[in-house]
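Residue numbers (our numbering), protein chains in the order written: chain Y, 1 to 185; chain P, 186 to 389.
FYI, nobody ran anything at the bench for these hints, they're computed from the structure.
Do not take every clue at face value.
What the hints assert, rightly or not - Listed next, the in silico DSBU-like pairs over lysine-lysine satisfying Cα-Cα at most 30 Å (straight line): (1) P:K288 <-> P:K214; (2) Y:K47 <-> P:K214; (3) Y:K27 <-> P:K290; (4) P:K288 <-> Y:K47; (5) Y:K16 <-> Y:K160.
Listed below are the residues making up each chain.
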Amino acid sequence: MAAADGQMSSSGPGEKAWYEIVLQTLKRNEIRLVPYVPDRVLTRLIKELHADPFFTTFPTAREEEAVGIVSGAWMGGLRGAVLMQTSGFATLANVLASLALPYQIPLIMFVSERGTLGEFNYGQSLVCRTMRPVLDSLAMEHHTATRIDEFEFIVDRSIKQAITTQAPVALILSPLLTGGKVFDK
Amino acid sequence: MQKPANSPARNTKVMNRADLTSRLVARLKNEEAVVGGIGNTNFDLWAAGHRPQNFYMLGSMGLAFPIALGVALAQPNRRVFALEGDGSLLMQLGCLSTIATLKPKNLTMIVMDNGIYQITGAQPTPAAATTDLMAVAIGCGLTNSTWAADEEDFERLIDRSLTSSEPMLIGVRIDDKPGTGATRRDPVQIRERFMLGLGVRESL
Chain Y
1 MAAADGQMSS SGPGEKAWYE IVLQTLKRNE IRLVPYVPDR VLTRLIKELH
51 ADPFFTTFPT AREEEAVGIV SGAWMGGLRG AVLMQTSGFA TLANVLASLA
101 LPYQIPLIMF VSERGTLGEF NYGQSLVCRT MRPVLDSLAM EHHTATRIDE
151 FEFIVDRSIK QAITTQAPVA LILSPLLTGG KVFDK
Chain P
186 MQKPANSPAR NTKVMNRADL TSRLVARLKN EEAVVGGIGN TNFDLWAAGH
236 RPQNFYMLGS MGLAFPIALG VALAQPNRRV FALEGDGSLL MQLGCLSTIA
286 TLKPKNLTMI VMDNGIYQIT GAQPTPAAAT TDLMAVAIGC GLTNSTWAAD
336 EEDFERLIDR SLTSSEPMLI GVRIDDKPGT GATRRDPVQI RERFMLGLGV
386 RESL
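I would like the entire structure built from these sequences, with the hints used as guidance.
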């Protein structure tokens with residue numbers, strides 16, 4: 001079925017794919033700097049970001065490094081967002097609690113959700129369970145995007161809220177939206 | 186801090202963090218940004234006299250270079266300095282490759298290397314007796330990485346970096362003295378003043 005190949009997001013004719021919505025919404029909100037640690041689900045988005053000269057996008061060695069970069073850039077007047085997968089988010093508790101939150105930096109994170117709805121790696125399924133408790137324990141805004149028809153609203157409004165309230169936000173990209181990564185390939 | 190005789194930086198003078206930080210700040214005439222890593226590194230930056238373009242970290246060990254990289258990307262016409270400890274850099278060595286790949290022409294990084302976690306009780310780092318951090322950086326692709334031989338050499342390297350067309354990394358061997366100041370730990374005020382100092386915000 002289409003969903004198993006990650007095609008769920010572009011099921012309707014003429015409907016924008018989830019990664020096109022991310023790209024356009026980042027652009028509309030003047031977010032130019034996009035460091036990332038890759039994930040298979042994010043492949044197409046990363047490719048499109050590299051292809052568009054509007055964006056400065058590059059890989060970092062660790063997710064917290066990317067958080068440091070966009071935090072510095074924000075203070076210098078350049079808006080950014082970080083792309084990662086679930087296990088990468090699990091490395092961020094310290095930098096969220098000691099940089100993004102106390103300094104009131106509007107850190108925008110897109111987290112491709114591994115560990116659920118067809119996960120084949122036990123470690124990924126366990127680390128996934130730490131993500132929302134960490135976000136909730138820090139009282140951070142987060143949304144799980146599951147439907148393409150709601151996605152642009154969630155992304156656009158969340159970016160605007162992060163910037164105006166100077167607070168981080170995590171946008172979790174569910175396999176229901178992206179198709180996810182299925183079984184051992 | 187004493188290093189073994191076979192230490193890779195054995196030919197460089199052991200200097201003092203507060204003195205070197207003051208020498209750096211004294212040479213900044215064009216509202217250069219300075220990001221101070223956690224602990225003693227930013228205590229001595231604070232003690233050298235607050236500037237509106239100073240940013241003081243209060244956690245997130247190892248992120249002084251990434252934060253400074255972000256500032257450098259945002260403001261390519263402003264020179265950005267980052268001050269980091271050797272223990273902190275060991276937390277985030279991967280950033281050296283990121284910076285080498287992006288090659289920001291306006292970023293100067295300084296590593297204060299005493300081989301110890303001074304602030305936690307002066308325990309040696311795992312790198313203390315074996316690792317040459319400038320060789321690591323060169324291996325990562327930061328070809329403009331060098332140990333400062335003494336204070337005069339440090340000042341010469343700082344001056345050179347002010348007009349450099351590629352990122353520079355300066356290693357300094359320092360003693361085991363603690364920081365000389367105490368940064369006021371108000372993160373929102375630190376961030377807001379920094380943004381004012383960089384011209385991103387207008388004062389009310």
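Given the hinted pair Y:K47 and P:K214, is their alpha-carbon gap at most 30 Å? violated (42 Å)
For a C-alpha distance cap of 30 Å, please report whether P:K288 and P:K214 respect it. Holds, at about 24 Å.
Pair hint outcome, P:K288 versus Y:K47 [Cα-Cα no greater than 30 Å]: holds (21 Å)
Would you check the hint for Y:K27 and P:K290, treating anything up to 30 Å between C-alpha atoms as holding? Distance ~26 Å between Y:K27 and P:K290 Cα, so the pair holds.
Take the C-alpha atoms of Y:K16 and Y:K160, compute the straight-line distance between them, and say whether it is at most 30 Å. With a Cα-Cα distance of about 21 Å, the restraint between Y:K16 and Y:K160 holds, given a limit of 30 Å.
Checked against the numbered hints given earlier, this structure breaks only hint 2.
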